[in-house]
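Student: Take a look at the letters that make up each chain.
Number of protein chains: 2
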Amino acid sequence: MDSIKIFCPASVANLSCGYDILGLCLSEPIGDEMVVRKNTSGVLRITKTTGEPIPKDIDKNLVGTAAKALLKSYGTNVGFDIEIHKKIKPGSGMGSSAASGAGIVFAINQLLGSPFTQEQLVSFAMEGEKTASGSKHPDNVVPLLFGGITLSKSAEKLTIVKLPTPKSLFVTVVHPQIELRTADARNVLKKNVSLQNAVKQTANMGLFVSGLYTENYEHISQALEDILVEPQRKALIPKFDELKQSAKKAGALGSGISGSGPSFFALSNAQGTAEKIKNEFASVFSSLPIELDIHISKVNDEGIRVLSL
Amino acid sequence: MDSIKIFCPASVANLSCGYDILGLCLSEPIGDEMVVRKNTSGVLRITKTTGEPIPKDIDKNLVGTAAKALLKSYGTNVGFDIEIHKKIKPGSGMGSSAASGAGIVFAINQLLGSPFTQEQLVSFAMEGEKTASGSKHPDNVVPLLFGGITLSKSAEKLTIVKLPTPKSLFVTVVHPQIELRTADARNVLKKNVSLQNAVKQTANMGLFVSGLYTENYEHISQALEDILVEPQRKALIPKFDELKQSAKKAGALGSGISGSGPSFFALSNAQGTAEKIKNEFASVFSSLPIELDIHISKVNDEGIRVLSL
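Residue numbers (our numbering), protein chains in the order written: chain A, 68 to 376; chain B, 68 to 376.
Mixed in with the good hints there might be a few duds.
No copy labels: a pair is met if it fits in one copy or bridges any two.
[Stated by the list, open to error] Distance condition first, Cα-Cα at most 27 Å in a straight line; then the derived DSSO-like pairs of lysine-lysine:
(1) 258 x 115
(2) 258 x 301
(3) 224 x 345
(4) 154 x 315
(5) 315 x 224
(6) 224 x 301
(7) 365 x 306
(8) 224 x 316
(9) 135 x 345
(10) 153 x 139
For the record, the hints were derived by calculation from the structure and aren't laboratory data.
Build the full structure now, drawing on both the sequences and the hints.
Tutor: As structure tokens, this is what we get:
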């Protein structure tokens, strides 16, 4: 196999109660495409980009960082030509950098005959996240490589769990097109939180994970509350309070900032509710001169998908 | 039914990653017995106590606080004679006050024909916890009333989940007989923790809950780590570091302070390992003039049990 074309989905990280831990993979058509071909020159290069503007210089694109981390571990000198068709806007909070970073390591691993485990691919892709935002967070790359809803514990070693996906879970995501850099969104965070709030967030996480295993939407709903990070970040998100209220009014299980924003997501357990939320989100922004993308998605259990070989 | 005799088990709260949230009910014979009889005088009174010294005055015993909370909600004036055979030492960190508080409300509810839900019983029993330690924490009373391993989220309303119990889970608990009051153990805690540590603890909770649902002992083991509270409390626990090391050496999944201490627990997934841990714990204290109780227990899925009516 010398060439591969893949679909790299968007994703929602944090999911309210799991800052830096939880991630959810969105379904097509929200995502990038990437074509990767082995070349004979032994050089890594980006040959084409379409869509959103991104650096074409491999040394300035996180795709380069992630690919180099993989190739360094692989040892042998192999070159690849990379086409990136970027549809997820950088700085949207929908895992644009993760789509590139997880995508490239997934593609190269396939072309090399799958020498690496998924966990190793995560660690290479996280190098790309570091280039993009300054921190090696796993919460967007993991759901792309494992599919579904994932939990990542970063310690000396990274532990990853693919959690079960309740059948009727829908995601509505609105992206108000203002750019917010992950690094900036991280800078607003205070270093300390109260023990009391840490305990509440911990309880929410337990309830969320249990709710996924038992398909208990009431528990999932009660758990979808971010006590630690959202109160600090909400000022950066346009119309945060209105979005939150409108999601609730439309019957969402819960809602919150997607990743580090400005995108905002809501979960629901019926397609009709997801549609209602979409309409509510649109009307929140109707009087403002901000371009919007609003998507409805089921949870994508597959993750990155091979389109053609 | 005019009389009931019950067994009120000991319990382990916190379970490392779930401060104020998780609790585990221990099996017989570790626990109190209580006999409660309707009386005709309409008065609530403690008629007999045996075992550990506890107040016989109903106004000074948390049993009174919990019972009164229930009876106030019940409305009608009914009196009860209460015998408490106290075997769980107060201040041991093994849920002595919860055994009394959950026991009395369980017994009275039975004698009244079960007018209250388990959740209501939890709230009455928590009034007893407040009398005992100054705070209405649910983490010991919930596993007694629901059985097994439980998660409690305290918010405007209390949400309780009974988590699944992996078949081969064993608990070894050592109680070095020095008294440590819950209130004192709470006073050593700082009000703030780092966001980074809060995130780690949240990840541990997610991993623990997932590990219980999937019977993944490796995940359970990785999750059994208390980043928030144990580092602050360990100085209060005699031989903490040695206990921790000896549990690890013997093959425990994890270990930590039971409730607010001084008892110390270790979880394992084989009876042989639980026995080994017991021997290790004994040898840690062998040179010290401290009396010890060491128990091995499976998880008690039933909780408080009716011995006779």
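Student: Indicate, hint by hint, whether the structure satisfies it.
Tutor: Here is how each hint holds up against the structure:
Within a single copy, residue 258 and residue 115 get their C-alpha atoms no closer than 41 Å, and across copies no closer than 53 Å, so neither meets the 27 Å cut-off. In this assembly of identical chains, the alpha carbons of residue 258 and residue 301 lie at most 27 Å apart whether taken from the same copy (17 Å) or from different copies (24 Å). When the C-alpha separation of residue 224 and residue 345 is checked against a cutoff of 27 Å, the pair qualifies neither within a copy, at 39 Å, nor between copies, at 30 Å. When the C-alpha separation of residue 154 and residue 315 is checked against a cutoff of 27 Å, the pair qualifies neither within a copy, at 29 Å, nor between copies, at 50 Å.
For the identical chains of this complex, residue 315 and residue 224 are inter-copy neighbours only, at 18 Å across copies versus 38 Å inside a copy, given an alpha-carbon limit of 27 Å. For the identical chains of this complex, residue 224 and residue 301 are inter-copy neighbours only, at 25 Å across copies versus 32 Å inside a copy, given an alpha-carbon limit of 27 Å. When the C-alpha separation of residue 365 and residue 306 is checked against a cutoff of 27 Å, the pair qualifies only within one copy, where the shortest distance is 25 Å, while the shortest distance between copies is 52 Å. In this assembly of identical chains, the alpha carbons of residue 224 and residue 316 lie at most 27 Å apart only when taken from different copies (21 Å versus 42 Å within one copy).
Neither within a single protomer nor between protomers do residue 135 and residue 345 lie at most 27 Å apart by alpha-carbon distance, with minima of 40 Å and 50 Å respectively. For the identical chains of this complex, residue 153 and residue 139 are intra-copy neighbours only, at 26 Å inside a copy versus 65 Å across copies, given an alpha-carbon limit of 27 Å.
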